[in-house]
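Please construct the entire structure, taking both the sequences and the accompanying hints into account.
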Amino acid sequence: MSDLLAARSQMGISLAFHIVFAVIGIAMPLMMVVAERRWQVTGHAIYLDLAKRWAKGTATLFAVGAVSGTVLSFELGLLWPRFMEFAGSIIGMPFSLEGFAFFTEAIFLGVYLYGWDRISPRAHLWAGVAVAVSGAASGIFVVIANAWMNAPTGFELVGGQVVSVNPIAAMGNAAAVSQAIHMTLAAYAATGFAVAGIHALFLLRDPANAFHRRALQIALIVGAPAAVLQPLSGDLSARHIAVHQPAKLAAAEAVFHTQAGAPLTLGGWPDVAARETRFAVLIPYTLSLLAFHDPHAVVKGLDAVAPEDWPNVPVVHLSFQLMVALGTYLAVLSLWVGWLAWRRRDLAHNRWLMRAIALATPMGFLAVEAGWMVTELGRQPWVIYGVLRTADAVTPMPGLVVPFVTFTLLYCFLGVMVVWLLYRQILRSPTMPEWRGFYMPVGGRGNVKSQGSEGEAG
Amino acid sequence: MTLAALLAGIIFVALNAYALLGGADFGGGVWDLLATGPRKERQRELIAEAIGPVWEANHVWLILALVLLFTCFPPAFARLGTLLHIPLSLVLIGIVLRGSAFTFWRYGGGGHGDSEQRHWGVVFAVASLITPLLLGTTAGAIASGALPNGGAGNGREFYATYVAPWLEPFALSVGVFALVAFAFLAAVYLTFEADEPELREDFRRRALASGAALFAAAASALLLSPPFVRGALIFASWALPLHVLTGAAAVTALAALWYRRWRLAQVGAAAQVSLILWGWALSQRPYILPPDLTVAGAAAPPATLRLALAAVALGAVVLFPSLYYLFRVFKGRG
Ligand code: HDD
Ligand code: HEM
Ligand code: HEM
Chain G
42 MSDLLAARSQ MGISLAFHIV FAVIGIAMPL MMVVAERRWQ VTGHAIYLDL AKRWAKGTAT
102 LFAVGAVSGT VLSFELGLLW PRFMEFAGSI IGMPFSLEGF AFFTEAIFLG VYLYGWDRIS
162 PRAHLWAGVA VAVSGAASGI FVVIANAWMN APTGFELVGG QVVSVNPIAA MGNAAAVSQA
222 IHMTLAAYAA TGFAVAGIHA LFLLRDPANA FHRRALQIAL IVGAPAAVLQ PLSGDLSARH
282 IAVHQPAKLA AAEAVFHTQA GAPLTLGGWP DVAARETRFA VLIPYTLSLL AFHDPHAVVK
342 GLDAVAPEDW PNVPVVHLSF QLMVALGTYL AVLSLWVGWL AWRRRDLAHN RWLMRAIALA
402 TPMGFLAVEA GWMVTELGRQ PWVIYGVLRT ADAVTPMPGL VVPFVTFTLL YCFLGVMVVW
462 LLYRQILRSP TMPEWRGFYM PVGGRGNVKS QGSEGEAG
Chain S
48 MTLAALLAGI IFVALNAYAL LGGADFGGGV WDLLATGPRK ERQRELIAEA IGPVWEANHV
108 WLILALVLLF TCFPPAFARL GTLLHIPLSL VLIGIVLRGS AFTFWRYGGG GHGDSEQRHW
168 GVVFAVASLI TPLLLGTTAG AIASGALPNG GAGNGREFYA TYVAPWLEPF ALSVGVFALV
228 AFAFLAAVYL TFEADEPELR EDFRRRALAS GAALFAAAAS ALLLSPPFVR GALIFASWAL
288 PLHVLTGAAA VTALAALWYR RWRLAQVGAA AQVSLILWGW ALSQRPYILP PDLTVAGAAA
348 PPATLRLALA AVALGAVVLF PSLYYLFRVF KGRG
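If you're matching them up, the sequences are chains G and S in order. Going letter by letter, the first sequence gives residues 42 to 499 in my numbering. Going letter by letter, the second sequence gives residues 48 to 381 in my numbering.
Quick caveat, the hints were computed from the structure, so don't treat them as lab data. Some hints here could point you the wrong way.
To be verified - Stretch by stretch, here's where chain S covers chain G in the computed footprint (C-beta under 8 Å, at least three residues): (1) 107–113; (2) 141–153.
To be verified - Computed, partial: chain S to chain G, Cβ under 10 Å: (3) L109; (4) F282; (5) A346.
Since the model is a prediction, treat every value here as computed from it, not as a measurement. Cβ atoms here follow ideal geometry from the backbone N, Cα and C, with glycine treated the same way.
Below is the structure:
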C-alpha cells in the first residue's frame with residue numbers, strides 16, 4: 042500500500058466513523074427536547090422516561106463523536122500538512138467558528154445530562170435547545186469548509202503563492218449552501234429513521250406499547266419531513282455539481298460522452314476501459330432535465346476531462362445510485378406515513394408500515410456514507426478542486442500504513458463496543474409491563490384512545 | 048503588540064486553560080489508577096463525579112487552540128503535524144481511549160456500581176496516565192528547538208527526523224513534569240470538591256506529595272534543558288520576577304493545603320502551573336517554533352488574523368457566560 046493510499050484510507054475511515062456520531066449528535070438533541078417539552082406540556086411521565094433514556098444513549102455516542110472529531114482535527118495536520126499550510130488561512134475561519142459551536146454544545150450537554158435535578162425544568166429544556174442548535178451549527182460550519190474544497194474561492198494564486206486571501210468570500214463559496222442544507226437534512230432523516238426503525242421493531246411484537254408508540258411518533262416527526270425534502274435538496278446539489286464540478290457529475294451518472302439531451306442512467310456497471318456503462322437502464326432526456334431543467338441541455342461527460350483527472354468512476358457511480366435509491370425509499374415511506382397520519386390512522390398497528398420502517402433503520406446512515414463517497418471520491422484526484430492535488434498534499438512521512446492500520450483497529454474496536462453497549466441498553470427499554478395498559482392520549486390532536494380501543498385502527 | 052503576537056497569546060491562553068481544566072481531568076484519572084486504602088471506591092466515585100459534567104467542555108480548549116493555530120499560523124501547524132506525527136498520533140489514541148472508556152464506564156453499564164464495567168475504568172485510568180506524558184513530551188520537543196525547517200524530506204533518516212526530536216531526555220522530562228502537574232492540580236481540586244472530611248484528607252496528602260514531586264520534576268526539566276532555553280529562563284529581564292511569582296504561588300498552594308484552606312490552595316496551584324507555562328511561552332519569544340519559525344513569519348495574512356480575532360471576540364461573548372453557568376451549576380459550593 043502506498044503512503045498516499047494509506048493516508049487517504051485513514052482519512053476516509055476516520056471521517057466515515059466520525060460522521061455517524063456527528064449525525065446523531067445533530068439530531069438526537071432535537072428529539073430529546075421534543076420529548077421533554079411534551080412531558081412538560083402533558084405531564085405524562087412516559088415522555089420524561091423517553092427523554093432520559095435517549096439522553097443516556099446519546100451521552101455515550103457524544104463522547105465517541107467528540108474524541109473521533111478530535112482525531113480528525115489533528116489528522117488534517119498529521120496526514121495533509123501541505124493542504125493545511127495552503128488552506129489554513131483561507132478556510133480556518135469556519136473551523137474556528139465551529140470550535141466555539143463545540144464549546145456551547147459540550148457545555149450545555151454537560152448541563153443537560155447531569156443537571157436533571159440541579160436546575161429548573163425550564164432551564165433544563167433550554168440547555169437541550171442550546172445543544173441542538175450548536176450541534177447543527179457545528180455541522181454546518183465544517184461542511185462549509187468541505188464545500189470550499191469542492192468550490193475553492195476567496196484567494197488568488199500568483200506564482201504558486203496564495204495572495205488576496207478573503208476568508209469571508211471563501212465561506213460564501215458556490216457549494217456551501219447546497220451542501221449545508223443537504224447535510225443538515227441528512228442528519229435529521231438518518232437519525233429519525235434509525236430511531237423510528239428500532240422502535241418499530243418493538244411495536245411489531247407489541248403494538249400497544251405506549252412507550253414505543255410515543256418514541257416512534259417523535260422520531261418520525263423529526264425524520265420524515267427531512268426525508269421528503271432530501272430529494273429536492275439533492276437536486277440542488279446535483280445542479281450545482283453539473284455546473285461547477287462536471288467530472289463529479291459525469292462519474293456519478295456514469296456519463297462517458299458529452300451529449301445534448303442526456304439520458305439518466307439507472308444501475309449498470311461503468312466499464313472505464315471501454316468507456317461505456319453496461320447493463321444500465323437509460324431514461325431519455327432525464328439527466329439533462331434534472332441537471333439543467335432543460336431536456337436538451339448539454340451534459341459534460343468524462344471525455345471533457347483528461348483521463349488522469351478522472352475520479353474512480355465505478356465507486357462514485359455505485360455510491361450515487363445507492364444514495365438516490367435509499368433516498369427515494371425514505372421519501373416514499375415518509376409520504377406514506379404522512380398520508381396515514383393525516384387520515385389519523387393508527388400507525389403502530391399497521392404491520393406493513395412497521396415492517397417498512399424497521400427495514401429503513403440503517404438506510405439513512407448508508408445514504409450518508411454513500412453521499413460522502415460521492416463528494417470525496419468524486420473530487421479526486423484533487424483535494425482542493427482544480428488547485429491542489431491530493432498527491433501533493435500528503436505528508437512526507439513514510440510508513441503511513443502503520444497509523445492507518447492502528448486507527449482502523451481502534452475504530453473497529455470502538456464501533457463494536459458502542460453497538461454492544463447500545464444493544465444492551467435498548468434491550469433494557471421498558472418491555473413493558475411498566476407501561477402496558479397505561480392510559481395515554483395519542484399525540485397532540487386530542488383524539489383520546491385507551492389501549493383497548495387502539496386495536497380497531499390499522 | 049502585533050496582531051499576530053496577540054493571537055499567539057490567545058492560543059496560549061487556550062492552552063493554559065486546557066492545562067488547568069483538561070489537565071486536571073487527566074490527573075483525576077491518575078488518582079483513579081492510584082486509588083488505595085479503605086476509601087478506594089469513594090475516591091473513584093468522587094473523581095468520576097467531578098469529571099463527568101465538565102470533561103467534554105474542558106477538552107474543547109485543546110480543539111480551540113488547534114483550530115486557531117491552523118487558521119492563524121498554518122506553517123507551524125503543518126510542521127508540527129509532519130515532524131511530531133508519531134507522538135501526536137499516540138496522544139490521539141490516548142484521548143480516544145480516555146474519553147470513550149470514561150463514558151462506557153459511567154453510562155454503559157446498568158448503573159454506576161456495575162462491576163463488570165470496571166475494566167473500562169482501568170482503560171480510562173491508564174490512558175489518563177500515558178496521554179499527559181506524551182503531550183508534555185511534544186511540548187518539550189517544541190521548546191527544545193528540535194523541529195527545524197526542512198526537518199522532513201532533506202535526506203535525513205527516519206529516526207533522526209521523526210523520532211529523535213522527542214525521544215530525548217529533555218522532552219521526556221517535560222512529559223513527566225506535565226503528568227505530575229496534572230496530578231497535582233487534580234488532587235488540589237479534589238480536596239475542594241470532596242464533601243467528606245476523610246476523603247478530603249486523602250486528597251490533601253496526595254496533593255502535598257505531588258506538590259513536592261512537582262518541584263523535583265521542574266528542577267530536573269530545567270537541568271536537562273538545552274542551553275538557550277535555560278539561558279532565557281535565567282538571564283532574561285522578566286526571568287527573576289517570574290520566578291519570584293511562581294515560587295510565591297507554589298508556597299501559597301502548599302501552605303494553604305497544610306492549613307486546610309482549600310479555596311486558596313486551588314488558586315495557588317492554578318497560578319503556579321500557569322506561571323510555569325507562561326515562562327515557557329516567554330522563553331521562546333519571538334519564535335512559535337524555535338529555532339527558526341517566528342510568530343511573525345508563520346502568521347496568516349492580516350485579513351485572516353483580523354477575522355480570527357473577531358471570531359474569538361464573538362465566541363468569548365457566548366463562551367464565558369456559558370462556562371460560568373456550567374461551573375456554577377456543578378462546581379458551586381452551595
Ligand atoms: C440521508 C441521507 C441522504 C439522502 C436520502 C440523500 N443524500 Fe445526497 N448526500 C448526502 C446524504 C443523503 C450526504 C452524505 O449528506 C452528502 C455528502 C456531501 C453532502 O453535502 O451531502 C450527499 C451528497 C450529494 C451530492 C453531491 C454533492 C457535492 O458533492 O457537492 C448529490 C449530487 C446528492 N447528494 C444528490 C442526492 C439526491 C438526488 C438524492 C435523492 C434522493 C439524495 N442525494 C439523497
Ligand atoms: C464526515 C463525512 C465525510 C466523509 C465520510 C468523508 C470521506 C472521505 C473519504 C472516503 C476520503 C478519501 C477520499 C480519497 O482520497 O479517495 C476523504 C478525504 C478527505 N476529506 Fe472527507 N469526508 C467527509 C467530510 C469531510 C469534511 C467535512 C472535510 C473538511 C472540512 C473533509 C476533508 C477531507 C480531506 C482533507 C481529505 C483528504 C484529501 C483527499 O482525499 O481529497 N472531509 N474524505
Ligand atoms: C460533514 C462532516 C462533519 C460533521 C457534520 C460534523 C459534525 C460534528 C458534530 C455535530 C459534533 C459534536 C457532536 C458529537 O460530539 O457527537 C462533532 C464533533 C467534533 N467534530 Fe465533527 N463533523 C464533521 C466532520 C469533521 C471534521 C472534518 C473535523 C475536523 C476537522 C471535525 C472535528 C470535530 C471535533 C474536533 C469534534 C469534537 C468537539 C468536542 O469535543 O465536543 N468534524 N462534529
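Hint check:
Given a C-beta distance limit of less than 8 Å, the hint that chain S covers the stretch 107–113 of chain G holds, as 6 residues qualify and 3 suffice. Restraint check on the stretch 141–153 of chain G versus chain S: 10 residues with Cβ-Cβ distances below 8 Å, three needed, restraint holds. Interface hint status for L109 (chain S): upheld, as the beta-carbon distance to the closest one in chain G is roughly 7 Å, under 10 Å. Of the supplied interface hints, the one on F282 (chain S) is violated, with its beta-carbon coming no nearer than about 34 Å to a beta-carbon of chain G, more than 10 Å.
The restraint placing A346 (chain S) at the interface with chain G holds, with a minimum CB-CB distance near 9 Å, inside the 10 Å limit.
Consistency note: the structure conflicts with earlier hint 4 alone.
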